[in-house]
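Which chain is which? The protein sequence lines are A and B, in order. If you count the first sequence from 1, position 159 lands on 159 in my numbering, and the numbers rise without skipping. If you count the second sequence from 1, position 215 lands on 215 in my numbering, and the numbers rise without skipping.
Hints were generated in silico from the structure; no laboratory data involved. Being a predicted model, the structure only gives us computed values, none of them experimental. Just so it is clear, CB atoms sit at the ideal spot from N, CA and C, and this is done for glycine as well. Don't take each hint at face value.
[As the list claims (entries may be wrong)] Some chain B residues near chain A, calculated using beta-carbon distances under 8 Å:
| id | residue |
| --- | --- |
| 1 | 66 |
| 2 | 70 |
| 3 | 136 |
| 4 | 140 |
| 5 | 198 |
| 6 | 202 |
| 7 | 328 |
| 8 | 337 |
| 9 | 338 |
| 10 | 339 |
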Amino acid sequence: MTEALDLLGLNYLLTPQSRIYWLYLLSSALIAAVFLHVRPQYRIGVSRAIWLHPSAKLDYMYFVLISLIKAALIAPLMLSASDVALWVNGALGYREPLHLGHTLIVALYTLSLFVVSDFTRYWLHRWLHSVPFLWRLHRVHHSAEVLNPLTFYRVHPIENILFGLRYALSAGVVTGVFITLFGARIGVAEFLGANALVALFNLAGANLRHSHLPLRFGDTLEHWFISPYMHQLHHAIGTTYTNYGGALSVWDRLFGTLHVSPVRPLEFGANVRHDTLAALFFEPFTLEKKDEQNPIIA
Amino acid sequence: MKSIFGSMALLLMLGGCMGDNAYDGENGLIGTPGTTVTLEGALASISSEVLHQDALALRSSAETLGMAIETAELSALREAWRDMARAWKRVEALYVADDLSQTMIDIPANVDAFHIGNTDLHAKLDRIFAQSGDLAIALFQNNTKSINALEYTLFNDGNLTERERGAAAVMLAHLQSNYAQIEQFYVQNGLSGGEEGVGVLINQLIDSAYKLKEWRIGEAAGLVVKYKDNPDAAHFEYAVSQSSLLAMRAVLEAHQAVMSSGLSQIAASASAAPQAEAITTAITGALSMIDAFDAPIENDATDTRIKALYAQINLLQTNYTALIAALNYTQKIIEADGD
Ligand SMILES: [Zn+2]
Ligand SMILES: [Zn+2]
Chain A
1 MTEALDLLGL NYLLTPQSRI YWLYLLSSAL IAAVFLHVRP QYRIGVSRAI
51 WLHPSAKLDY MYFVLISLIK AALIAPLMLS ASDVALWVNG ALGYREPLHL
101 GHTLIVALYT LSLFVVSDFT RYWLHRWLHS VPFLWRLHRV HHSAEVLNPL
151 TFYRVHPIEN ILFGLRYALS AGVVTGVFIT LFGARIGVAE FLGANALVAL
201 FNLAGANLRH SHLPLRFGDT LEHWFISPYM HQLHHAIGTT YTNYGGALSV
251 WDRLFGTLHV SPVRPLEFGA NVRHDTLAAL FFEPFTLEKK DEQNPIIA
Chain B
1 MKSIFGSMAL LLMLGGCMGD NAYDGENGLI GTPGTTVTLE GALASISSEV
51 LHQDALALRS SAETLGMAIE TAELSALREA WRDMARAWKR VEALYVADDL
101 SQTMIDIPAN VDAFHIGNTD LHAKLDRIFA QSGDLAIALF QNNTKSINAL
151 EYTLFNDGNL TERERGAAAV MLAHLQSNYA QIEQFYVQNG LSGGEEGVGV
201 LINQLIDSAY KLKEWRIGEA AGLVVKYKDN PDAAHFEYAV SQSSLLAMRA
251 VLEAHQAVMS SGLSQIAASA SAAPQAEAIT TAITGALSMI DAFDAPIEND
301 ATDTRIKALY AQINLLQTNY TALIAALNYT QKIIEADGD
C-alpha cells in the first residue's frame with residue numbers, strides 16, 4: 001500500500017522532508033489566503049485558467065511519472081550521504097572528539113547542513129543555466145508557462161540525479177567532518193520531523209515560489225532570503241539569469257546575480273515549448289537549429 | 001506584508017508543536033516517534049547491567065587480590081592480578097564517567113599507566129625495591145601505584161620479596177580507592193538523555209576500538225606510523241605478565257556486552273539493525289582471532305595473525321562510524337529535486 005503511494009508520488013504529502021508535505025501546502029495556502037485578502041487584484045493568480053492551463057496539466061502528469069522514475073530508478077542507485085560521510089571520516093582519520101555542549105553541536109551541524117546545501121544548490125542551479133547542455137535539461141523546468149507547487153517537480157530526471165549527487169556530497173562532507181570533530185554526539189535540530197531550518201523555509205511559503213502570487217519578504221529580508229517573488233523573477237522571461245538561490249539570497253548577492261525589484265507583471269517560460277510528456281523527457285536530446293544556449297546569456 | 005508574515009509564523013509555530021515529531025532536543029537522532037522510552041530504557045539497562053556490574057566486579061576482584069597479598073603464594077597473586085586486570089579493562093573500555101562528570105576525568109590515568117606514564121617505570125620501581133625507606137612515601141607518584149606497576153611487582157622475576165609484597169599492598173590500596181570512586185559514581189549516575197547518552201556511549205566505544213587497534217596491537221606489531229616496521233613485543237600492554245591477549249579479549253567482551261544489553265536494540269529502533277549486526281559480527285570475529293593464538297602474543301610480535309587482528313579491529317571501528325551515520329538523519333533523505 002505504501003509502495004503504491006510511493007509510486008504515485010502521494011507519499012510526498014506525508015513526508016516532512018518534501019516540499020509538498022501537507023503542512024507546508026497548508027501554510028502556503030494560509031499565507032496565500034491572507035495575501036489575497038490584502039491584495040485582491042491577484043485573485044486571477046489562483047483561477048481555473050491557471051490551475052487548468054495545459055502547462056499545469058502537464059506538470060501534474062509529469063509529477064506522477066517522475067515520482068515513479070525517482071522511486072524505481074534513481075533512489076535505489078543514488079549515492080548516499082552516509083557513504084560520503086564515512087569516506088570523508090575515513091580520510092580524515094580518528095581524533096578524540098571535541099568537548100562542546102550538545103546543544104551547540106546540534107545547532108552548528110543543523111546550520112552547516114542547511115548553509116552548505118543551499119550553497120551547492122546555488123552553484124548547481126547556476127551551472128544548469130550557463131552550461132549549454134545542462135541548460136537544455138533545465139529548460140524542462142523553465143518551459144512551464146504557468147507556475148504551481150508541482151512545477152517544483154517538473155525537472156528532467158538527469159537534473160534530479162545531479163541534484164541528488166549534490167545533496168549526497170554536501171550533506172556527506174558536512175556529516176563526515178562533524179563526525180570527525182564530535183563523533184556520535186552530532187544531531188539535527190528537527191521541527192515537524194525535518195531539519196528545523198528546512199521546515200521553517202518550507203513553512204514560510206516555499207510553495208508560493210511556483211505560483212502567480214508575487215509575495216515579497218520586504219527589502220531587508222530579501223537581502224538574506226529568496227522570497228517567492230524572487231524565484232518568480234527567475235522564471236520570468238528577461239530575468240532568468242538572476243536569483244538562482246534556494247533559501248538564501250546571500251549567494252546571489254555575493255556572486256552578482258541578485259535581482260530584487262518591486263512587483264511588476266511577469267511572463268513565465270523559456271525559449272522552447274514542451275507540450276507533451278515525451279517532449280519533456282526527450283526534447284533535450286533532439287538536435288536543434290541554433291538556440292542551444294540560453295539566448296539571454298549568449 | 002511583514003505583518004502577514006508575523007501572524008502566520010506564530011500560527012505555524014503553534015501548529016508545529018502539536019506534531020509528535022516536534023524537536024525536544026532529546027530524540028532527534030531516533031526519528032521514529034514514541035521510541036524515547038525504549039531509548040532511555042536501553043541506556044538504563046546498559047548502565048545497570050554493564051557499567052555498574054563491571055564496576056562491582058572490579059571492586060570484588062581487587063578485594064580478592066587484597067586477601068591474596070596478605071599471605072598467598074606468588075602464583076595465586078598473579079592469578080588474582082590477571083582477574084583484576086581483566087575486570088579493569090572492561091571498565092576502562094566503557095569508561096563514560098569522564099564524559100558525564102568533570103570530577104571523574106583523572107581516574108583512568110590514576111589506575112593505568114599504559115601509553116601515558118610508563119617511561120622508566122620499571123627502572124624506577126627497581127630502585128624503590130632496592131631501597132629501604134617508607135614505601136608509602138617512595139611510591140608517591142601515581143604511575144608507581146598503577147596497575148602496570150603492580151604487574152611489574154608481581155611478574156618482574158620469579159619471587160616476591162617482603163618489600164615487594166609491601167609495595168603491592170600500597171599499590172592495591174591506591175587502585176582500590178580509585179575503583180571505589182568509579183563504583184560510587186555508577187551507583188548514582190548512568191547514561192541518559194536520549195540522543196546525547198547514545199552519542200557519549202558510541203564515542204567511547206569508538207575511542208576504545210581505536211586505542212585497542214593502535215596502542216594495544218599496532219604499536220607493538222609495528223603497524224602504526226610511529227613504530228612503522230619496528231615490531232617490539234615489549235610495547236604490548238601487559239608484556240611483563242604476557243597478559244596482553246587477555247586484556248584485548250576483555251575489551252572486546254565489554255563491547256559485546258554493551259551491544260547485547262541495549263545498543264543493538266537502540267540501533268534497531270532507528271532502522272540501523274544492519275549496522276549493529278555488522279558491529280556484533282566484527283566483535284565475534286575478533287574474539288575468535290584472539291582465541292586462535294595458542295601462545296602469548298608477546299612471543300612473536302611479527303606473527304602475521306596480529307596484522308589480521310589489527311585489520312579486524314579497524315573494521316570494528318569503521319562499523320561504529322557507520323552506525324553513527326545510519327543513526328543520523330541525513331541518510332534517510334534523498335533530496336533529488338530541482339529548483
Ligand atoms: Zn533555473
Ligand atoms: Zn523554479
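Hints and how they fare:
no., hint, in the structure
1, 66, "violated (34 Å)"
2, 70, "violated (41 Å)"
3, 136, "violated (34 Å)"
4, 140, "violated (29 Å)"
5, 198, "holds (7 Å)"
6, 202, "holds (4 Å)"
7, 328, "holds (6 Å)"
8, 337, "holds (6 Å)"
9, 338, "holds (3 Å)"
10, 339, "holds (5 Å)"
Consistency note: the structure conflicts with the earlier hints numbered 1, 2, 3, 4.
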